[in-house]
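Chains as they are written, first to last, in UniProt numbering: chain P, 1 to 238; chain L, 1 to 238; chain H, 1 to 238; chain X, 1 to 238; chain Z, 1 to 238; chain A, 1 to 238.
You may find that some hints are simply not true.
Since the list gives no way to pick one copy over another, a pair counts as held whenever it fits inside one copy or between any two copies.
25 Å max Cα-Cα, derived SDA-like pairs, lysine to any residue [said to hold, decoys possible]:
hint	residue 1	residue 2
1	Lys31	Phe20
2	Lys194	Ser84
3	Lys54	Gly237
4	Lys105	Glu184
5	Lys80	His23
6	Lys227	Pro48
7	Lys82	Pro49
8	Lys80	Ser4
9	Lys82	Met145
10	Lys31	Glu45
11	Lys234	Pro18
Note that these hints are calculated values from the structure, not bench results.
Here is what each chain is made of, one letter per residue.
Number of protein chains: 6
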Amino acid sequence: MRPSGRAPDEMRTIEMTPGFSRHAEGSCLVKFGDTHVLVTASVEERVPPFLRGKGEGWVTAEYGMLPRATHTRGSREAAKGKQSGRTQEIQRLIGRSLRTIVDLKALGERQITIDCDVLQADGGTRTAAISGAWVALRIAIDKLMADGLLTADPIRAQVGAISCGVYEGTAVLDLDYPEDSSAETDANFVMTDKGGIVEVQGTAERDPFDEETLLRMLRLARIGCGKIYAAQAKATGR
Amino acid sequence: MRPSGRAPDEMRTIEMTPGFSRHAEGSCLVKFGDTHVLVTASVEERVPPFLRGKGEGWVTAEYGMLPRATHTRGSREAAKGKQSGRTQEIQRLIGRSLRTIVDLKALGERQITIDCDVLQADGGTRTAAISGAWVALRIAIDKLMADGLLTADPIRAQVGAISCGVYEGTAVLDLDYPEDSSAETDANFVMTDKGGIVEVQGTAERDPFDEETLLRMLRLARIGCGKIYAAQAKATGR
Amino acid sequence: MRPSGRAPDEMRTIEMTPGFSRHAEGSCLVKFGDTHVLVTASVEERVPPFLRGKGEGWVTAEYGMLPRATHTRGSREAAKGKQSGRTQEIQRLIGRSLRTIVDLKALGERQITIDCDVLQADGGTRTAAISGAWVALRIAIDKLMADGLLTADPIRAQVGAISCGVYEGTAVLDLDYPEDSSAETDANFVMTDKGGIVEVQGTAERDPFDEETLLRMLRLARIGCGKIYAAQAKATGR
Amino acid sequence: MRPSGRAPDEMRTIEMTPGFSRHAEGSCLVKFGDTHVLVTASVEERVPPFLRGKGEGWVTAEYGMLPRATHTRGSREAAKGKQSGRTQEIQRLIGRSLRTIVDLKALGERQITIDCDVLQADGGTRTAAISGAWVALRIAIDKLMADGLLTADPIRAQVGAISCGVYEGTAVLDLDYPEDSSAETDANFVMTDKGGIVEVQGTAERDPFDEETLLRMLRLARIGCGKIYAAQAKATGR
Amino acid sequence: MRPSGRAPDEMRTIEMTPGFSRHAEGSCLVKFGDTHVLVTASVEERVPPFLRGKGEGWVTAEYGMLPRATHTRGSREAAKGKQSGRTQEIQRLIGRSLRTIVDLKALGERQITIDCDVLQADGGTRTAAISGAWVALRIAIDKLMADGLLTADPIRAQVGAISCGVYEGTAVLDLDYPEDSSAETDANFVMTDKGGIVEVQGTAERDPFDEETLLRMLRLARIGCGKIYAAQAKATGR
Amino acid sequence: MRPSGRAPDEMRTIEMTPGFSRHAEGSCLVKFGDTHVLVTASVEERVPPFLRGKGEGWVTAEYGMLPRATHTRGSREAAKGKQSGRTQEIQRLIGRSLRTIVDLKALGERQITIDCDVLQADGGTRTAAISGAWVALRIAIDKLMADGLLTADPIRAQVGAISCGVYEGTAVLDLDYPEDSSAETDANFVMTDKGGIVEVQGTAERDPFDEETLLRMLRLARIGCGKIYAAQAKATGR
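One chain only, chain P, in its complex shape:
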């Protein structure tokens, strides 16, 4: 029995509020239950040095968590003067996941920076962030197209992400914090609406797991991502 009473293959309620932020070209407040992430997409008409003059664009991401997004207050990374290894790992994952579904040549020499800031955390912040990031990115690119700055759509697919795990012996979908902190195994999947896998990261928290468990989690992830694509489509009016 899951602490939340959810069925093994039951997601938390997904809410996506597009346009939450007034200034950003694209934005989305995404909620996976009590995990709330504010995502903005900022368009800049220039690319990082390594891409200058190559006729290609770039999509990158930064991630942060408000100090009291969690049960006990964490220290503020800006005050400590550096981002943790965890933060960097997550923001690299978000950027990589989005770049897989964007045609960077079609984007042209511009950069889109995705900021994912966790207002409240209850497990699964990176997967909520990726899922909401697609919405913010979609809106920002729709704006570029509406403004005539892009003629062809550089987005090739929807991308969503979800965590799965083995909790008390059962493979379950969309771990919340109580599950996450005691799961035996934990895996994050990033997938596209065409069925492809963009990233899989499975970790044994205590004992190693087997191939069967990996596949069971993958199947749950497909179920979860289906819900995410639907929520994304609704939020962006597609």
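Starting from the structure of chain P, add chains L, H, X, Z and A where the hints point.
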């Protein structure tokens, strides 16, 4: 004529949503028009080293702005590896303002950390932060009292803050961003509901100002703070 | 009774030694009693990136305190690897104060950096720094004019700064360290010799203060600034 | 055809030189072809603060690459003043992988720090590091047991790691640099000699991959890990 | 012919003003011609962690240069966030030189920190700093003895330092900046009044030098140090 | 009697393995007994900003020590976020020593970066590093000449370095760690095969030393450097 069409002594709409954050002992989403600040109050049962064993508590504050809270994206302080001078100046002001109205002996050996994170900025983020911080602090202390950890109330007064300025020759209340960026003079006032001044910071942006201007801004600030105390009272059920 | 035996409206002895430093274009060793600050003005024929090509100059300031300028040794900011919030607040104030009285267009595309280094501290280091900075700046600009690099004088006024406070119930002028550390209220005023206010920063150290106290401190500040303008004039031969 | 001429399921030559370093409690120079990693295990009789007094030990890892381990010189992280996100991600992975096969209670209140320094890189540095780290750890723990400091063996299994990928449409084992830099898909597997999966990290470099590809890579990884366990056993005399 | 017109074995004028700083236990403003260094000695009744409980004291030094001590303004190390290699090298040398002439056991469990801040530079700042540091240290220790905190004098000798070099083919004493920046060879000597060498650091700036040159410079250094010991004795009344 | 049983003028065994590193233009694994340093020389076809357009090249060095190169593990400088004063001092010495024997004009506008990484330490790491650096540099420059990028040889001499010291009253050559940690006096000499001194750094560890001791150490250093030049010649086939 103000860009917003407001009268010189007219505040923006104030909204204070108490309990916005699930985990913090006290929290408040405060909005002064399009300026939105999420404030949390975190209680820890220990004090900083310089106060250990003195039987006194401490109230401190940290301030941050999401990278895309503003018109153009600013760089993330955690990524740059340090907080700007402006950030430090603001968080020192917030902490100092709150300590003035708290009886630190009555608080006992515990620390309350106020985190003020600007989700969206349209001028006046520090004054909104201070005003909302009082609500978060009030709720956190009410909780300590309800839990029997405090018997006497350490809060001695309400504290609110507002900016005033001279815009196109007229003293106006509660500057928004378009006013703030072109005001001749700019002053922030922190005051209590007993009528006392906690902090005044007036700056000539171009030409020096005179005593009369200072007093005119102070009078407007009193009007604005009255509205803030009322909003605080409503948000905390007082 | 003030610890120093001074009358409430009595300044400490002001000494300003122009040309203290051999290499700088302008310099001044300023003493407000036992507070000694070495100020240099360095002229560079280029401006920061945000001003390039705009035909305007810039004046900026940096502030530091020698580790043993104070009663007990403080740690060296260069060794700690960062400037404190207090340091940044002060150097921002100094730069802002000087820019108010300089016509940056008339200065042309060059930058003047004011370095204020406290050799010995006894309260009021920031106000001594601003007051001495004007002398260093004046000398540096006189040199630019003598060298034919400037034809019109970009300095529009003298600027001075002084602290006031309420000590044992009485408003007093030019706080020294023993007063500063136990004052109920503390305010720094930056003013020009034309009578205008450039900056006012008043802080309640314990209980909030009232409008009358603010005005009383302002009046004392005018008295103190009068002495400062005279000392500046003498030091620069004006 | 692979650039190296290897068969798809053919590993590079593995060499493991135990005791390469004179001072460390355990050490190993591990070579996967032209990828050379020097691994040391350092035993300290104390644990990090979060474990003090809990009767448990800790295993952690740090990773670095000599500036000229690669084709073109990279900048030295110590000189830049921070470890890259990639470095942190890798050292977190190494530490996590080793902790999975160590009984931390049985280790007692001591910490073993694994340092993995890449002397020469040709792809697969993290997997070589993990595989060699097991040898260094095994030797260090054998020494603790020989010295009578441990009576029961806290190591529960061998752990090895290997990368697989899809190169020109074919799933291949143990990517070298030319393959790694142009692979369509890339996955690192950490597994134990009992057949369990400790970590799987698969990334689509260009297009998403499917479940079948993931399973094919997993099967290759099992083949590779078999060779690694044999080399580990030989190096440690087991 | 030396730029200054001095004879090859002629020092610049040495001035040592003891007690320059009001707060420090010992202080000295030392001038070697136009090189001016403010040195303070701060006594703390505790030692660094590695010495706790060993019944020994410690003497350490920190060095800094005001940004405009030099011909062109250098950047402030506190603002850059780190001390340069040159700064660290110099402060290590100063600390080491002083420790050689102090009986650390006789000093007892206390630390004396020497701060050397260059107000104006014209070559030879490190040697002036060491020479003045002895005066500040002497005064601080005299105070400890006068206060009855020390009964035996822990200072075993005077220590002085001077630079020599080969300028236009001639070995010269006490290089000023014009000589220093074009000398072929440059050596710093730290010596005691008993004739012993504490440190010698000779560097070929262009071509290697020979033993004879080294010895010629050493002889000049002895002459210079004689003058320094006399100035130290005078400044400390010995 | 030396701990190693060596005669006072006896070096440890020197081994120099050229071409140890596959990617670097020049490399050498240098061993002075149990001190092992991996040196690489990396050629870049650009110079640092201060040399651009001057038609001159640059040689610079970086130094590091693996955390467990020593008896007890030291912390990793990249993890601490800064290089120690010792590290900076050493790498400045290495760079300076090599620049003395290179004709930078003849090198042309390119930079050679020497990385010296200590794999195992037993005293004398800096002198081993300099001695091995010459080999790596020689190989890299031979490659530039073989590739036709240089026609004249910019290397003017061989450079070697060795430490000497006074151990139990006797001057000895090539200190190992047990000697180094208890030597009364310690000096590092950098010399060329033409007999010139490039750098001499002598330090009294306890009591000051005299001129005779300095000269005795210098004579030993000449013996040691002779062995080093021979080993360098052999390693580079000269």
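I want to check one pair: Lys82 and Met145. Are their C-alpha atoms no more than 25 Å apart within a copy, between two copies, both, or neither?
neither (37 Å within a copy, 37 Å between copies)
Measure nothing new, just compare the shortest in-copy and cross-copy C-alpha distances for Lys80 and His23 to 25 Å and report within, between, both or neither.
between (28 Å within a copy, 22 Å between copies)
How do Lys194 and Ser84 come out at 25 Å by Cα distance, when the copy is not named: within, between, both, or neither?
Neither: 34 Å inside a copy, 33 Å across copies.
I want to check one pair: Lys31 and Glu45. Are their C-alpha atoms no more than 25 Å apart within a copy, between two copies, both, or neither?
Intra 30 Å, inter 31 Å, cutoff 25 Å: neither.
Reference check for the pair Lys82 and Pro49, CA-CA at most 25 Å: within, between, both, or neither?
both (23 Å within a copy, 20 Å between copies)
Same-copy or cross-copy closeness of Lys31 to Phe20 [CA-CA at most 25 Å]:
Both: 12 Å inside a copy, 14 Å across copies.
With identical chains treated as interchangeable, where does the CA-CA distance between Lys234 and Pro18 reach 25 Å or less: within a copy, between copies, both, or neither?
Within. Shortest intra-copy distance 10 Å satisfies the 25 Å Cα cut-off; inter-copy 30 Å does not.
Homo-oligomer pair classification [Glu184, Lys105; C-alpha up to 25 Å]:
between (42 Å within a copy, 18 Å between copies)
Given a CA cutoff of 25 Å, do Lys54 and Gly237 count as a within-copy pair, a between-copy pair, both, or neither?
Classified as neither; 33 Å inside a copy, 45 Å across copies.
Identical-chain pair category, Lys227 with Pro48, by Cα at 25 Å
neither (35 Å within a copy, 42 Å between copies)
Is it within a copy, between copies, both, or neither that the alpha carbon of Lys80 lies no farther than 25 Å from that of Ser4?
For Lys80 and Ser4, the Cα distance exceeds 25 Å both inside one copy (35 Å) and across copies (39 Å).
Hints 2, 3, 6, 8, 9, 10, counting from the list given before, are not met by this structure.
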